[in-house]
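K.L.:
Sequence:
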Amino acid sequence: ITVIIIPQLLLEPRYFVIPYVLLRLNMTEPKPWQLYMELLTTCSINFLQFYIFLTKSFYWTDQEGPQRISW
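If you read the sequence shown in this note's numbering, its first letter stands for residue 1, the second for the next number, and so on.
Worth flagging that the hints you see were computed from the coordinates, not collected in a lab.
Incorrect hints may appear among the rest.
[As the list claims (entries may be wrong)] Calculated cross-link-like contacts (lysine to any residue; reagent style SDA-like; alpha-carbon spacing at most 25 Å): (1) K31 - F50; (2) K31 - T42; (3) K56 - P66; (4) K56 - F16; (5) K56 - N26; (6) K31 - I45; (7) K56 - Y36; (8) K31 - F16; (9) K56 - W33; (10) K31 - S44; (11) K56 - Y15; (12) K31 - N46.
[Stated by the list, open to error] Across the chosen pairs, the derived CB separations fall in these ranges: (13) F47 - M27: 22 to 30 Å; (14) P66 - V21: 34 to 42 Å; (15) Y15 - G65: 28 to 36 Å; (16) S44 - R68: 14 to 22 Å; (17) P19 - Q49: 15 to 23 Å; (18) L54 - P30: 20 to 28 Å; (19) T42 - I69: 16 to 24 Å; (20) P66 - N46: 32 to 40 Å; (21) F16 - K56: 15 to 23 Å; (22) C43 - R14: 15 to 23 Å; (23) P13 - T61: 26 to 34 Å; (24) M37 - S57: 26 to 34 Å; (25) P66 - T28: 45 to 53 Å; (26) R24 - S57: 30 to 38 Å.
Nothing here was measured: the structure is a model prediction, and the numbers come from that model.
Ideal Cβ positions, reconstructed from N, Cα and C, are used throughout, including at glycine.
Make the full structure from the sequences, and use the hints.
P.N.:
Here it is as structure tokens:
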């Protein structure tokens, strides 16, 4: 799936839901460091999403005010 997703210009979280669910279902009693890494990854993605939403804006000719990118 990585080979398919890398060249794409638009990445959406839905592309990663099924692999993530399969990974979690196949884990036998996760180790604490795995849970920590999962938490760190989730927090990083959420922080990045909020950062992009708050700092990046663009303007369309037919819309008043700034437009924002969000998931």
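K.L.:
Is the gap between the beta carbons of R24 and S57 within 30 to 38 Å?
P.N.:
holds (35 Å)
K.L.:
For the pair supplied as a hint, K56 and N26, is the alpha-carbon distance within the 25 Å limit?
P.N.:
Not OK: K56 and N26 at ~38 Å, beyond 25 Å, violated.
K.L.:
Determine whether the Cβ-Cβ distance between P66 and T28 falls within the hinted range of 45 to 53 Å.
P.N.:
Given about 48 Å between the Cβ atoms, the range holds.
K.L.:
Kindly confirm whether 32 to 40 Å is satisfied by the beta carbon distance between P66 and N46.
P.N.:
Between P66 and N46, where Cβ atoms are some 22 Å apart, the hint is violated.
K.L.:
K31 and F16: Cα distance at most 25 Å?
P.N.:
Within the cut-off at roughly 22 Å; holds.
K.L.:
Between P13 and T61, does the C-beta distance stay in 26 to 34 Å?
P.N.:
holds (30 Å)
K.L.:
Would you check the hint for K56 and Y15, treating anything up to 25 Å between C-alpha atoms as holding?
P.N.:
holds (23 Å)
K.L.:
Lying within 16 to 24 Å: is that true of the beta-carbon distance T42 to I69?
P.N.:
The hinted range 16 to 24 Å holds for T42 and I69, with Cβ atoms some 20 Å apart.
K.L.:
K31 and N46: Cα distance at most 25 Å?
P.N.:
OK: K31 and N46 at ~23 Å, within 25 Å.
K.L.:
Hey, K31 versus S44, does the alpha-carbon distance stay inside 25 Å?
P.N.:
At roughly 20 Å apart (the allowed maximum being 25 Å), S44 and K31 satisfy the hint.
K.L.:
Is the hinted range of 20 to 28 Å satisfied by the C-beta distance from L54 to P30?
P.N.:
The hint (20 to 28 Å, Cβ to Cβ) is violated, given that L54 and P30 are roughly 32 Å apart.
K.L.:
Per the hint of 34 to 42 Å, is the separation of the Cβ atoms of P66 and V21 within bounds?
P.N.:
holds (36 Å)
In this structure, the hints that do not hold are numbers 1, 5, 7, 9, 18 and 20, in rising order.
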